[in-house]
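Protein chains in written order, with our numbering: chain A, 1 to 222; chain B, 1 to 136.
Be aware that a few hints might be false.
Said to hold, decoys possible - With a straight-line Cα cutoff of 27 Å, these simulated BS3-like cross-link-like pairs (lysine-lysine) come out:
1) A/Lys-217 <-> A/Lys-66
2) B/Lys-14 <-> A/Lys-220
3) A/Lys-139 <-> B/Lys-14
4) A/Lys-185 <-> A/Lys-217
5) A/Lys-191 <-> A/Lys-217
6) A/Lys-66 <-> A/Lys-92
Simulated from the structure, these hints should not be mistaken for laboratory data.
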Amino acid sequence: MLPTPSISNLNIERVYEPAEDSFLFLDVLQDELPFIRERFSTANAPTPLVVEIGLGSGIVTTFFQKNILTNALFLGTDINPYACSQSKETSKENGDPKYFDALRTNLLDGLRPGLVDVLLFNPPYVPDDTVPSFESAVKTDDWLDFALLGGCDGMQVTSVVLDHLTEFLNLERGVAYILFCRRNKPTEVAKLMRTRGWIVDLIEERQAGWEVLSVWKFSKAK
Amino acid sequence: MKILTANFVQCTVKACGSSPDCFPLHFDQQTPDLPLELAHEDVDFSPEFICNVLPRIEWPALLTTARELGNTQLPPAKPEIENPSAPENEQLLRDLHTLLLETQIIQGSMRCANCGHIYFIRDSIPNFLLPGHLVQ
Numbered sequence: 001m002l003p004t005p006s007i008s009n010l011n012i013e014r015v016y017e018p019a020e021d022s023f024l025f026l027d028v029l030q031d032e033l034p035f036i037r038e039r040f041s042t043a044n045a046p047t048p049l050v051v052e053i054g055l056g057s058g059i060v061t062t063f064f065q066k067n068i069l070t071n072a073l074f075l076g077t078d079i080n081p082y083a084c085s086q087s088k089e090t091s092k093e094n095g096d097p098k099y100f101d102a103l104r105t106n107l108l109d110g111l112r113p114g115l116v117d118v119l120l121f122n123p124p125y126v127p128d129d130t131v132p133s134f135e136s137a138v139k140t141d142d143w144l145d146f147a148l149l150g151g152c153d154g155m156q157v158t159s160v161v162l163d164h165l166t167e168f169l170n171l172e173r174g175v176a177y178i179l180f181c182r183r184n185k186p187t188e189v190a191k192l193m194r195t196r197g198w199i200v201d202l203i204e205e206r207q208a209g210w211e212v213l214s215v216w217k218f219s220k221a222k
Numbered sequence: 001m002k003i004l005t006a007n008f009v010q011c012t013v014k015a016c017g018s019s020p021d022c023f024p025l026h027f028d029q030q031t032p033d034l035p036l037e038l039a040h041e042d043v044d045f046s047p048e049f050i051c052n053v054l055p056r057i058e059w060p061a062l063l064t065t066a067r068e069l070g071n072t073q074l075p076p077a078k079p080e081i082e083n084p085s086a087p088e089n090e091q092l093l094r095d096l097h098t099l100l101l102e103t104q105i106i107q108g109s110m111r112c113a114n115c116g117h118i119y120f121i122r123d124s125i126p127n128f129l130l131p132g133h134l135v136q
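Full structure from sequences and hints, please.
Structure follows, in C-alpha cells:
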C-alpha cells in the first residue's frame, strides 16, 4: 500500500477535507500505477504534465507526485483561494516535486490547449438544484460548496470538462481519471463519451456510506 | 508561480482564444500597487529533467517572458542537447533550471496583448478568474 500524504494544518472550514471519494481516487491511482508508468516511460519523451482540477487539500496531486510519477510536471487549479495555498503547503510538507504550481481559476480556464497528459478530477458530483454562485462566494468568502455541489444530476460541472476534454488533453497520450457517484449516471456518460470516440474504462466502484462512487478512465482511440 | 508556468498559460477571455496574442501573457507593465517581486527557491538540479522538459517549451514565448523579467541571456533558438551530462552543456542547463524551476514570481501582474486584461499574481498564485462581464 502506497503512503497517504500527510496534511498537518488543514483548515476544514476553508478547504474540503479528504473523504471517501478522495481515498477511492488514491486507490485507483495505485491500481493504475503500472499503466501510467508504462504509458509515460520513454526516457526521452517530453516530461508528462499532470493536471488536477479542484486541488482542494492537495492530497491527490501530492500522492501522485510521491508515488506514481515522481519526475513529472504538476499543475493544479481551484476556484477556492484557500485550496490553492493549502495544496502548495501539502505538496511542500511531503517534499515538493521539481515543478508544481497552483492556479486560481475555474476548471482549466487559462491553460493552453493540448498540454495535459494526465488529468485528475474529483468533481463536485452531488446533485443539487443549482451550482454555487461565484458572486455570493466572493461576498461570503465561503468556497466549500464549489467542491461539492454539481447542479442537475451532479453533472453540471463534470459535463463542461467532458465537453472540453479534446481541447485540453494531449490526444496522442493523454488520459483522464474522473470520479462519479451513481446519481451522475456514469454508465450513460460512458456511452455518450464512447460515441465521441473515447475509450472509457471503469477502474473501480465502491460503496461509500449511502453513495456508490466510481472512477472512470478516458483516453482517445488512436 | 514558477516561470515555466508562464509558458503553459494564456488569456482566459474566450474571444482571445483564437488570437495569437493571447500567449504569452506579458510582464512588461506592472502596477504600482502590486510591484513585481521575484524570489529564488532551491530545487535539486537534474540535467536530464531539464532536457526532457525542453521539448515542451515554446521558445519564443519563453524568450519574451525572460526578457520582460530582466533575463536576456537565453540563446535565441531552442538548444538541442543530445547528452545532458556532457560538461559543455552544464552551464546552459543550470541557467535554464534556475530560470524555469527556481525563480518564483511572488507577486506582479500579467497582461494580455490582445484584450489588455491584467491577471494578478499574489502569494505566488496567479488568478485567472474573470470579472462577470468578461465571462461568456
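Agreement of A/Lys-191 and A/Lys-217 with the hint, judged by alpha carbon distance not exceeding 27 Å: holds, 13 Å
Given hint A/Lys-66 paired with A/Lys-217 - CA-CA distance at most 27 Å: With Cα atoms ~21 Å apart, A/Lys-217 and A/Lys-66 stay inside 27 Å; holds.
27 Å limit on alpha-carbon distance, applied to hinted pair A/Lys-185 and A/Lys-217: holds, 15 Å
Straight-line alpha-carbon gap B/Lys-14 to A/Lys-220, limit 27 Å: holds, 25 Å
A/Lys-66 paired with A/Lys-92 [C-alpha distance capped at 27 Å]: holds, 11 Å
Agreement of A/Lys-139 and B/Lys-14 with the hint, judged by alpha carbon distance not exceeding 27 Å: With a Cα-Cα distance of about 25 Å, the restraint between A/Lys-139 and B/Lys-14 holds, given a limit of 27 Å.
The structure fails none of the hints (numbered hints given earlier).
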